[in-house]
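Given only the sequences and the hints, what does the whole structure look like? Please build it.
Top line first, the protein sequences correspond to chains G and Y.
So that you can map any letter, position 524 of the first sequence is 700 in our numbering, and since no number is skipped, the others follow by simple counting.
So that you can map any letter, position 375 of the second sequence is 403 in our numbering, and since no number is skipped, the others follow by simple counting.
Calculated directly from the structure, the hints in this document are not laboratory data.
Beta carbons are placed, not taken as given, at the ideal position from N, Cα and C, and that holds for glycine.
One should not assume that every hint holds.
[As the list claims (entries may be wrong)] Pair ranges (Cβ atoms, derived):
| no. | chain 1 | residue 1 | chain 2 | residue 2 | range |
| --- | --- | --- | --- | --- | --- |
| 1 | G | Tyr267 | Y | Asp322 | 40 to 46 angstroms |
| 2 | G | Lys707 | Y | Tyr375 | 34 to 40 angstroms |
| 3 | Y | Gly121 | G | Asp370 | 38 to 44 angstroms |
| 4 | G | Arg796 | Y | Arg168 | 52 to 58 angstroms |
| 5 | G | Asp365 | Y | Leu84 | 49 to 55 angstroms |
| 6 | Y | Gly121 | G | Ala395 | 33 to 39 angstroms |
| 7 | G | Ser255 | Y | Tyr102 | 46 to 52 angstroms |
| 8 | G | Tyr208 | Y | Arg168 | 53 to 59 angstroms |
| 9 | G | Arg796 | Y | Leu84 | 19 to 25 angstroms |
| 10 | G | Thr434 | Y | Glu276 | 54 to 60 angstroms |
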Amino acid sequence: MADTVKVKINGKEYEAKKDETILQVARRNGIYIPAICYSDRFGAIGACRICAVEIVGMKKPMLSCAMKVKDGMEILTDSEKVIEFRKNIVYEWDKFHPLQCGVCDKSGECGLQDINYELNITENPLEKEADPLSVPNRTIHYEWKIIHHDANLCIQCRRCVTICDRVVNFGILALVKKEWGGREIDTKDGKPLDCEFCGQCVSICPTGAMSSKLFKYKARPWEMDKVRTTCQFCASGCQMDLNVKDNKVLRVTSEDDTPNMANLCNLGRFNYSVVESKNLINSPKVNGSSSNLDVAIKKAADILKSHGPDEIAAICGARETVEDQLALKLFFENAIKTSNIDSFASTHIGKLFSVLPKGVSPLNNVSDMEECDVIFAFGGDVANEMPRLDWQTTRNVKLLKKSKLVTAYWRDTKIDTLGSVALRYEPGQEVEFLNSLFGSLAGALNVSTDIKGSIEIPEDAVKVLSEAKKIAFLVGQEALERPNGSDVALALANLMLLFGDKVKLYASSKYNNSYGAIYSGVTNGFDLYGKSKEKVFSLYDLPKLVEDGKIRAIFLLNADLFTIFSDEDARKIFDKADVIYLDAYMSDSVKYAKVVIPVATFASTDGHYVNIEGRFNRVRKAIDRDVLMAKDVVIRIAGQYGYNLPIGYIKEALDKATFDLDQDMDSFRNVQSGGFDFTGSLKGVVVYSKFRSGIFSSFGEGASIAMEEPVLEINPEDAQTLGIEDGNYVNVEGLSALRVKAKIDDQMPKGVVSIPLWFAGYNAYNVSGSLTNLFSAKLMKGE
Amino acid sequence: MNEAYVVNNEREVILNVGPQHPATHGVLRYVVKLDGERIVDSDPQVGFLHRGIEKLAEYMTYHQFNPYTDRLDYLASMNNNLAYVMAVEKLLGITDQIPERAQYIRVIMAELGRIASHLVWLATHALDIGAMTVFLYSFREREYIIDMFEMACGNRLTYNYIRIGGVARDLPDGFMDRLKEFTKLFYGKVKEYHQLLTKNRIWLKRTKDVGYISKEDAINYGIAGPCTRGSGVDWDLRRDMPYLVYPELNFEIPVYDEGDVYARYLVRMDEMVQSNRILEQCIEKIPDGPVMIDEPRYVWEPKERIMMNNYALMKHFVKVVKGFKAPPGEVYFGAENPKGELGFYIYSTGEGKPYRLKIRAPSFINISAMPKMVKGGLIADIISVIGSLDFVFGECDR
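Take a look at the structure:
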């Protein structure tokens, strides 16, 4: 074959592909070459030079991470020459490295220690001539938030710079020339770090130079037990290890062999302290006062028993495990005998999954996005809604250069900096936009249709999309949560049907188990395994049903109504209906519910979350708390009914672990939707923040330090007209007033402002109205 | 199904001996099928003390696993240390570099361990058969040895002293004097035991022609140590696959051809004398010098160096947390332990922890020959056979 070559490594012959590097070939065949700066997460840098190997016939050792193999190459990975070369590099690193191993957090998992051990260095010839007093003191960045950087410990491998640039696509770090004459890692503009605070730089740093302030001096690496579990902050299902000591989670790490390649975002990596925050519910409450579990369970059963089956409804927050959801479903369908169950998943992916077109592949591995030559990101900011999709897009476009990117959103976002064909529409115009795109593409693909829209679609976008061989649809949660979200879903389904089996769908969700809520059939319109069924009870109708007295008792499982309804609507529901509320964290619902029963947080739960890939990810118990899991509470309430959940019900449902989604849409449907009527000049949008996922996420240190308070983003021109400056407090007038901090952002389109969701003591839906994320904004400058 | 559990006619009875029984030396459940008092068939059941030591080894660094070997044959902890440590040293390729003094100390400890273990065997074996006095005598001498172990390493049980690369520290002051005293005294003590048992009529009745196993069977079953040497197999790893400084020492391998309990008794009695001879020679020959190799890649460096030298500190952290990186490959090392050949097989993939560690436990293999030995004998023979096989369940069940 033409594209394979033969190389000799340490005297043994190996076959290799033509464009592989020496390091890749060696690692694939189990030959060890040390490498400090190279990582599979971002490829070669060529900074550390430790991976040098000798190539017979070449004078100097060559870097194996960058050098491509050639036919007949003879490579020696540990000849004397190479070892000497490596030793000289390590001497240089060691020369001024502080003697702090005894107090350094990194000791025990330090790359520099490892390489010193490997090369068996016992003394350093460079130290004799070096005068320790002449060493310039380098900067220690105490002022950065969350991340601590000590340049004295840095060996300048540039891993942090590279991961920030190539994986996170933020690129705030650089090697900057300093006054003392050398270079240090610092922010490009020299200001204190202001970034996504994902801590990828901390996770990749081989030494203790980049470290987490939240973890500093808490424990040594070998003292902690690692518990592999699944992240609870979005539906990516990133695998991570909770590092536990003395029943406390002290930090979160992830390994290279995970599907997320050890990448984690701010929430996943730093927000672990939610599981032991002050805002956990500690004891059950009945009518607002503390009670014990037996009384609360009895009371809950009494409330349910005192109403007819049709007067009872259950809502899942899509954050509990599949086991919990299955228990609830069985209890409601078999003991109470009602199918009034809905979950928060029906606000977004539920809409899309009930109109899935034929041929489209709805659940895909995120890494399989690499097969797609076009990525179409629609209706949301992936970096905010699902960082893992953001990283994969970055990898496809920036690192592997495999895919072209088309974005469709109402503003420029971070992924546009990758170089995209940017399609823009105004908030609320989603259906119109999709119809226009459909019309243009149908023309290009020779499909006859009468669906068309009024928005002009640029030629290059049509060209890129119509020539796609495999296309990844990244669907934003935000677009599906518009007031006309069902129409958006339908218009999107039209578009996907146009491409048929070329489509790989990635519908993002901030709720970690919303896919599980579809699978276990606790979402309106879905039965077990995600089969579609008749729509019975919708979350959207809840305020009306309660008002009319049709629903009198509500069972909430992790579903804080104040996070989807405005305060007014939610309070009306609590006033008129008897609410039983199961959750781990404090919220407004706790104040008003008749019965509150605390359940375990994700760190004390055993079970499964289903992620965007349709993969059943294990959640493992890491810390003990004297609180039941939600399923056990449900089982005990069911026991009051004299109903025993069938043994093995969970196992049976979990063993299948594949979705039976109905994909029956096979013809285009003409959707016309007027969009949203804005009054006034400013359009308001409620968006997701990358630092929040649910109100409870603001109880953790990582997220609350990274973003303390809600921020209103506004275009500079609009700000000037209104006389608002960066950092001013602004009163947003809507259904009820809200006070937020203004941030002037020139990426915001003119005439649009956005406010984020999910901050403690703040409800964005007070402005926009329940289950809506658009509003006509009236701003008043506050003090 | 095993024949031992099937009753063929109304004369046959199935009887459980153990697992809680004073004569089973631990937790052996021994199922016997009887025809009157004759043993028709039998089946030893083991595993009641299983702790998964081999699996535990896969989760520890090589240094960390060392104390776990104490819990194998807990009557001869240091012998287990030795076998394990020698296997790791063979994997690392540093066997030749072990300082001579350390090698002599290891031999001293191994031979003391052998005597201590044989003394416990003698005491319990005799006690089982009814000779109480021997028990008191031999525990008296064992106390000398345990005291010496305590001097060297601080423990009276699970004495752990031998380390990868040498021994933990040099012998304490006064140790050699105690050892000299002991070696001088011990010949006379062995004579006392002989006087109590060797020509004793009851002893002879209970042990002669009991529990016979032929030379061929002994080899086929793979039993090792004094048990095979009682059946005429002239095989001792100290002489035939020599390690440490054994080639420089003068000693004989006692072999008896009878293959019965009495022969095995005599082998062990003679072995104690030979071990004492080895000890005497060690006292003469032991040189001065270091007791640990200077190979910072694998062994703990002295604390002073760790505190003063950053490179030693760095490497110390790596060795403690991740373990030293052993070269990839597989090794087997077997040492002549009091119970027989204790072997460690280590498979390394180049990580800081063994990928697989297998222990060839002599007790386990010796027990497997028991049904052969007791078949056709009387039920009371089980007790003397158990005594003569000298097994320890820490090692058998692992």
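Verification of the supplied hints:
{"no.": "1", "hint": "G/Tyr267 / Y/Asp322: 40 to 46 angstroms", "verdict": "violated (22 angstroms)"}
{"no.": "2", "hint": "G/Lys707 / Y/Tyr375: 34 to 40 angstroms", "verdict": "violated (49 angstroms)"}
{"no.": "3", "hint": "Y/Gly121 / G/Asp370: 38 to 44 angstroms", "verdict": "violated (54 angstroms)"}
{"no.": "4", "hint": "G/Arg796 / Y/Arg168: 52 to 58 angstroms", "verdict": "holds (55 angstroms)"}
{"no.": "5", "hint": "G/Asp365 / Y/Leu84: 49 to 55 angstroms", "verdict": "holds (53 angstroms)"}
{"no.": "6", "hint": "Y/Gly121 / G/Ala395: 33 to 39 angstroms", "verdict": "holds (36 angstroms)"}
{"no.": "7", "hint": "G/Ser255 / Y/Tyr102: 46 to 52 angstroms", "verdict": "holds (48 angstroms)"}
{"no.": "8", "hint": "G/Tyr208 / Y/Arg168: 53 to 59 angstroms", "verdict": "holds (56 angstroms)"}
{"no.": "9", "hint": "G/Arg796 / Y/Leu84: 19 to 25 angstroms", "verdict": "holds (21 angstroms)"}
{"no.": "10", "hint": "G/Thr434 / Y/Glu276: 54 to 60 angstroms", "verdict": "holds (56 angstroms)"}
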